[in-house]
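J.: Make the full structure from the sequences, and use the hints.
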Amino acid sequence: MEDLKADIVNIDISILSLDSRQEKAKTLLTNLLKVQNDKTILIKDYISSIRSTRFVSTRAAIEDITSSGKLEILKNDAIKSAILKFYTHQDNLLTVITDNYNQLSQHIFDYITYTDFGLHEVPLYKEVFGEELQQLLKSTEWQKDPSSNLFINVKDHMNMTVIICEREKALLREMKESANQLKDLLESYCISND
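Plus 1 on top of the position in the sequence shown (first one is 1) and you've got our numbering.
To be clear, the hints were calculated from the coordinates, so they are not data collected in a lab.
You may find that some hints are simply not true.
[Said to hold, decoys possible] In silico lysine to aspartate or glutamate, DMTMM-like type, Cα no more than 25 Å apart, as pairs:
1. Lys-139 <-> Asp-117
2. Lys-145 <-> Asp-117
3. Lys-177 <-> Asp-92
4. Lys-139 <-> Asp-157
5. Lys-27 <-> Asp-100
6. Lys-40 <-> Glu-142
7. Lys-170 <-> Asp-157
8. Lys-35 <-> Glu-122
9. Lys-35 <-> Asp-146
10. Lys-156 <-> Asp-100
11. Lys-156 <-> Glu-142
12. Lys-35 <-> Glu-24
13. Lys-45 <-> Asp-157
14. Lys-27 <-> Asp-117
T.: Next comes the structure, spelled out in structure tokens:
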């Protein structure tokens with residue numbers, strides 16, 4: 002029961018993080034399409050547009066129950082079935098989320114030339130590189146040329162980020178609904194057996 006409650010809280014945290022990521026991607030995409038002279042307008046939102054808090058299931062209890070054979074002790078077949086169905090469904094949803102995330106993340110490595118993009122100019126990393134490296138690592142002005150490959154790829158990536166974030170939030174809401182249903186079922190079972 003505690004694992005389910007923790008999962009519900011973690012799902013909410015992940016959805017809020019995805020909302021923020023999606024907004025940053027939309028801001029970056031909007032600013033990109035307005036063709037900026039100053040690349041820092043785009044770069045400041047880049048890291049936030051590709052990162053979010055990923056949901057990780059709290060599975061200690063179910064793994065203990067299934068691996069130890071304790072699930073067989075549970076006499077109520079409806080409860081046993083609901084638990085197994087929930088975790089199977091959760092695994093399937095997490096596989097879809099992970100596959101989508103991996104495909105989108107791989108896209109970054111396929112298109113980006115980090116120096117040309119100006120990754121070293123991202124506020125989060127600027128200090129790490131220091132003044133001398135900042136001067137030596139010259140980025141290009143790709144953001145001024147809508148026909149450049151980097152411009153097109155960043156545009157496509159942000160476009161897909163907005164879509165993938167929406168899909169992931171929908172899957173997490175579905176998972177949360179299933180977790181709440183199982184939690185309610187378990188609570189009613191525990192109350193009726195007190």
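J.: Each hint: holds or not?
T.: Hints, one by one, checked against the model:
no., hint, verdict
1, Lys-139 <-> Asp-117, "7 Å, holds"
2, Lys-145 <-> Asp-117, "13 Å, holds"
3, Lys-177 <-> Asp-92, "13 Å, holds"
4, Lys-139 <-> Asp-157, "24 Å, holds"
5, Lys-27 <-> Asp-100, "22 Å, holds"
6, Lys-40 <-> Glu-142, "7 Å, holds"
7, Lys-170 <-> Asp-157, "20 Å, holds"
8, Lys-35 <-> Glu-122, "20 Å, holds"
9, Lys-35 <-> Asp-146, "11 Å, holds"
10, Lys-156 <-> Asp-100, "21 Å, holds"
11, Lys-156 <-> Glu-142, "15 Å, holds"
12, Lys-35 <-> Glu-24, "17 Å, holds"
13, Lys-45 <-> Asp-157, "18 Å, holds"
14, Lys-27 <-> Asp-117, "22 Å, holds"
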